[in-house]
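Below, each chain spelled out in residue letters.
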Amino acid sequence: MTGDVQVLAAPAGSCHINIKGCGYPAPGLQDFDFQTIFKIGGFHVTKPILIAILCAISVIVFFGVAFWRPKVVPRGVQNLGEMAILAVRDQILRPSLGRRGDSYLPFLVSLFFYIWLMNLMELIPFFQFPSMSRIGFVWPLVLMVYVLYWYLGFKNQGVWGYFRTMIPPGVPWFILPILLPVELARFFIVQPFTLGVRLFANMFAGHLLLTIFYLATWYMLSLSIGLLFFVGSAFMVVFVFLLELLVDLLQAFIFTTLTATYIADSLERAH
Amino acid sequence: MSSYRSRAAAASSAEGGARGIGVGWTVFSYLIGGMVAYGGIGWLVGRGIHAAWPFPVGMLTGLGISLGYIIFRYGRQGAVEEGRGNR
Chain Y
0 MTGDVQVLAA
10 PAGSCHINIK
20 GCGYPAPGLQ
30 DFDFQTIFKI
40 GGFHVTKPIL
50 IAILCAISVI
60 VFFGVAFWRP
70 KVVPRGVQNL
80 GEMAILAVRD
90 QILRPSLGRR
100 GDSYLPFLVS
110 LFFYIWLMNL
120 MELIPFFQFP
130 SMSRIGFVWP
140 LVLMVYVLYW
150 YLGFKNQGVW
160 GYFRTMIPPG
170 VPWFILPILL
180 PVELARFFIV
190 QPFTLGVRLF
200 ANMFAGHLLL
210 TIFYLATWYM
220 LSLSIGLLFF
230 VGSAFMVVFV
240 FLLELLVDLL
250 QAFIFTTLTA
260 TYIADSLERA
270 H
Chain P
0 MSSYRSRAAA
10 ASSAEGGARG
20 IGVGWTVFSY
30 LIGGMVAYGG
40 IGWLVGRGIH
50 AAWPFPVGML
60 TGLGISLGYI
70 IFRYGRQGAV
80 EEGRGNR
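Going down the list, the protein sequences come from chains Y and P.
Sequence positions in the first sequence follow numbering that gives the first Met the number 0 and run 0 to 270.
Sequence positions in the second sequence follow numbering that gives the first Met the number 0 and run 0 to 86.
Any given hint could turn out to be false.
[To be verified] Now the in silico label distances, taken between C-beta atoms and shown as ranges: (1) Y:I56 to P:V26: 18 to 28 Å; (2) P:G19 to Y:V64: 27 to 37 Å; (3) P:G74 to Y:M165: 50 to 60 Å; (4) P:G74 to Y:R98: 23 to 33 Å; (5) P:A51 to Y:L227: 12 to 22 Å; (6) Y:F240 to P:R46: 42 to 52 Å; (7) Y:L179 to P:A51: 48 to 58 Å.
In case anyone wonders, no lab produced these hints; they're calculated from the structure.
Ideal Cβ positions, reconstructed from N, Cα and C, are used throughout, including at glycine.
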């Protein structure tokens with residue numbers, strides 16, 4: 000927010016009416032850096048951290064309230080909570096894991112709604128920043144998913160058995176040394192990297208796009224530039240906003256679906 | 000009956016979607032993984048012999064191996080449905 004305010008303050012204060020000597024304040028990496036709000040010991044608390052904590056608390060409180068004293072016939076918040084859980088179960092968990100994966104439902108529900116809410120924060124006034132656009136917030140989630148993925152795989156098949164089943168049956172033995180580097184690179188580097196970077200990059204690009212068009216709309220609100228450009232940019236703000244509504248949901252869905260397929264993969268090899 | 004059918008169709012569609020996402024990203028990971036693995040090997044060889052060419056050659060070799068592997072693993076009709084493709 001501080002980044003946004005700093006950039007907005009320049010054109011709003013003097014430049015956008017009389018643009019002589021002023022340029023378009025192009026958004027950039029500075030919009031993803033935030034000043035410290037307060038410190039706890041040596042730990043600097045910034046806006047993205049507060050958003051992350053708020054989202055975690057919101058998800059916990061919502062499901063806590065929904066299922067505090069569950070009724071046989073759900074009403075009010077419990078109804079909403081059940082709809083949310085059933086949506087994750089039927090669209091993400093069951094297609095990948097089937098009924099035997101129901102014990103992982105709390106994990107997937109928490110993951111999905113936490114990521115979704117974190118993403119939606121880029122569109123909610125006052126917050127207006129997706130913490131997932133800072134890659135440091137994504138890696139702990141990836142680490143959590145991967146620790147579970149490997150733990151389940153190693154537990155079910157043992158370390159050697161787990162890696163042995165990486166290569167599909169029917170591959171000639173002399174091809175194995177050629178395929179091994181590809182499998183190891185995919186398993187240890189590329190797959191966790193793409194899982195994290197996809198979420199981060201989508202949120203980063205989305206926030207940058209929104210900032211570009213917000214600023215352009217404000218900047219072009221001047222007769223000396225032309226109202227036509229202002230209208231075009233304002234249209235793009237609405238368009239990108241709606242697009243981001245979809246992207247926020249889609250990224251949460253993809254991350255959780257891939258988590259479910261990884262868990263299914265670790266469990267399947269045991270059978 | 001029709002409600003049961005529509006639910007079954009929706010479940011089947013969701014299952015296909017989940018499998019599709021998993022397989023799609025796995026294929027993508029193989030393509031990049033091949034280039035990373037053999038590009039890395041090429042880079043190490045290049046450092047050893049003080050030459051630049053093993054790095055791009057390694058990347059291209061890795062890409063070729065990945066493509067062949069993907070065709071072997073997923074190219075056959077029904078390979079994904081057999082459950083080999085979720086990884």
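The hints, checked one at a time:
no.: 1; hint: Y:I56 to P:V26: 18 to 28 Å; verdict: violated, 39 Å
no.: 2; hint: P:G19 to Y:V64: 27 to 37 Å; verdict: holds, 36 Å
no.: 3; hint: P:G74 to Y:M165: 50 to 60 Å; verdict: violated, 18 Å
no.: 4; hint: P:G74 to Y:R98: 23 to 33 Å; verdict: holds, 31 Å
no.: 5; hint: P:A51 to Y:L227: 12 to 22 Å; verdict: violated, 51 Å
no.: 6; hint: Y:F240 to P:R46: 42 to 52 Å; verdict: holds, 49 Å
no.: 7; hint: Y:L179 to P:A51: 48 to 58 Å; verdict: violated, 26 Å
Checked against the numbered hints given earlier, the structure breaks hints 1, 3, 5 and 7 and satisfies all the rest.
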